[in-house]
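Keeping the supplied structure of chain A fixed, place chain B upon it in accordance with the hints.
Respectively, the protein sequence lines represent chains A and B.
For the first sequence, the residue numbers in my numbering are 1 to 115.
For the second sequence, the residue numbers in my numbering are 1 to 215.
Treat the hints loosely; a few may be bogus.
Said to hold, decoys possible - Computed spacing ranges between beta-carbons, pair by pair:
#	chain 1	residue 1	chain 2	residue 2	range
1	A	Arg15	B	Thr198	46 to 54 Å
2	A	Lys108	B	Ala204	48 to 56 Å
3	B	Glu12	A	Ser94	25 to 33 Å
4	A	Ser55	B	Asp177	47 to 55 Å
5	A	Cys76	B	Ile215	33 to 41 Å
6	B	Asp146	A	Ser58	37 to 45 Å
7	A	Ser55	B	Val200	51 to 59 Å
Unchecked claim - With the C-beta cut set under 7 Å, the calculated list includes, among others, these residues of chain B facing chain A:
#	residue
8	Thr5
9	Arg8
10	Val10
11	Gly90
12	Cys92
13	His93
14	Asn127
15	Thr185
Hints in this document: simulated from the structure, not taken from any laboratory.
The beta-carbon is built from N, C-alpha and C at its ideal position, and this holds for glycine as well.
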Amino acid sequence: MHEMSLAQDIVASVREHVGTERLRSVTKVRIEIGAASGVVSESLQFAFDAIIQNSSLSAATMESTIIPFVVHCYHCGKDSQNDGGYMLCSECDSSDVAIVSGAELILKQIELKEM
Amino acid sequence: MSIITIERKVLEKNDEVARKAREEFAKRRMLAINIVSSPGSGKTSILERMLEYFNDAVAVGVIEGDVQTDLDAQRIAKYDVPVVQVVTNGMCHLEAKFVYDSLSAFDGKDIRLLIIENVGNLVCPSNYDLGEEFKVVVLSTTEGDDKPLKYPAMFRNASVLLINKIDLLPYVNCNVDSMIKNALTVNPKLKIFQLSCTNVQGIAEWCGWLEKQLI
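This is chain A alone, in the form it adopts within the complex (with noise of 0.2 Å):
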């Protein structure tokens, strides 16, 4: 469950750039989830939910997009995506692949409404 902590981190980077005054208009906080980041999504977003409860950014909601475990290959030079998480290339079987996207949790963009 180190979502708690990873959450607790999202809601700090979005106080660091918005800044406290306008937090009670941030309305959206885009998160991007890869797939073999070993993040759940919904463990994600109820420890957000739980964080900022009565909190100046309860009016936020957490939006979270899965972005597919890709790799590229050195071998065939094809980019292909692995459900499994495996460092594998699913073109040719290769082992000599390099991660392209999909592990990895990015805080993307927040949303706010004008005041």
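Quick look at chain B alone, frame taken from chain A:
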């Protein structure tokens, strides 16, 4: 309506501290490894066998991460090596700041190998860079051979797999060949050692390899 675009890793702050820790390890010519596994796989027992193997030959420092108690640090202190116990008070993983803040305990001791024993958890610690050179994941035969496929992030982010408790193979329902095949499916670059802390099988091979990685 206005939109602020950020595009920042949520763990960026942790990663920054991990970078500082990594610089400090390099400056001190210290190889740092981060041992991760589920609870009860034998991380502390392996650590004890490693300390017996290295004895006076390699100066080792230890950071012990646990949710509660300093029982592990007490076990390690018997080997007369500098040890820092980090109690996370409920947190399921170590973060880079715990490691960075512990480093002063090793000042002036010329430690060559820093072993960080993470909190027992096969999910959460995989996300947190502690500044280590590489992660070592421990999986014991009693846990079953399918775990790499079920917890891929930890095996993907590790460089070494220690298969522990191989002396129990005759008594448990675990196929070690399948375990290795599953681990290599997730991460074909894993270096794998098979160990027993009871009869010390494999300990010399693992420690000998590790000694060659020292800076």
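Against the structure, the hints:
Taking the beta carbon of each, A:Arg15 and B:Thr198 are about 51 Å apart, inside 46 to 54 Å as hinted. Our hint of 48 to 56 Å for A:Lys108 and B:Ala204 holds, since their Cβ atoms are close to 49 Å apart. Distance hint for B:Glu12 and A:Ser94: a CB-CB separation of about 31 Å, consistent with the stated range 25 to 33 Å. Hint check: A:Ser55 to B:Asp177, Cβ distance near 53 Å, so the stated range 47 to 55 Å holds.
Taken as a hint, the range 33 to 41 Å holds for the pair A:Cys76 and B:Ile215, whose Cβ atoms sit roughly 36 Å apart. Checked against the hint of 37 to 45 Å, the C-beta distance between B:Asp146 and A:Ser58 comes to roughly 42 Å, which is consistent with it. Judged by the Cβ atoms, the range 51 to 59 Å given for A:Ser55 and B:Val200 holds: they are separated by roughly 54 Å. Proximity of B:Thr5 to chain A holds as hinted, the smallest CB-CB distance being about 5 Å (cut-off 7 Å).
For B:Arg8, the interface hint holds, the least distance from its beta-carbon to any beta-carbon of chain A being 5 Å, beneath 7 Å. Hint status for B:Val10: holds, given a least beta-carbon distance of 4 Å to chain A, under 7 Å. Look at B:Gly90: its Cβ only gets to about 9 Å from chain A, farther than 7 Å, so that hint breaks. Interface hint at B:Cys92: satisfied, since its Cβ lies 6 Å from the closest Cβ of chain A, which is below the 7 Å cut-off.
For B:His93, the interface hint holds, since its Cβ comes within 7 Å of a Cβ in chain A; the closest pair sits about 5 Å apart. Hint status for B:Asn127 relative to chain A: holds, with the closest Cβ pair at about 6 Å, below 7 Å. For B:Thr185, the shortest C-beta to C-beta distance to chain A is roughly 6 Å, which falls under 7 Å, so the interface hint holds.
Going through the hint list in order, the structure does not satisfy hint 11, though it satisfies all others.
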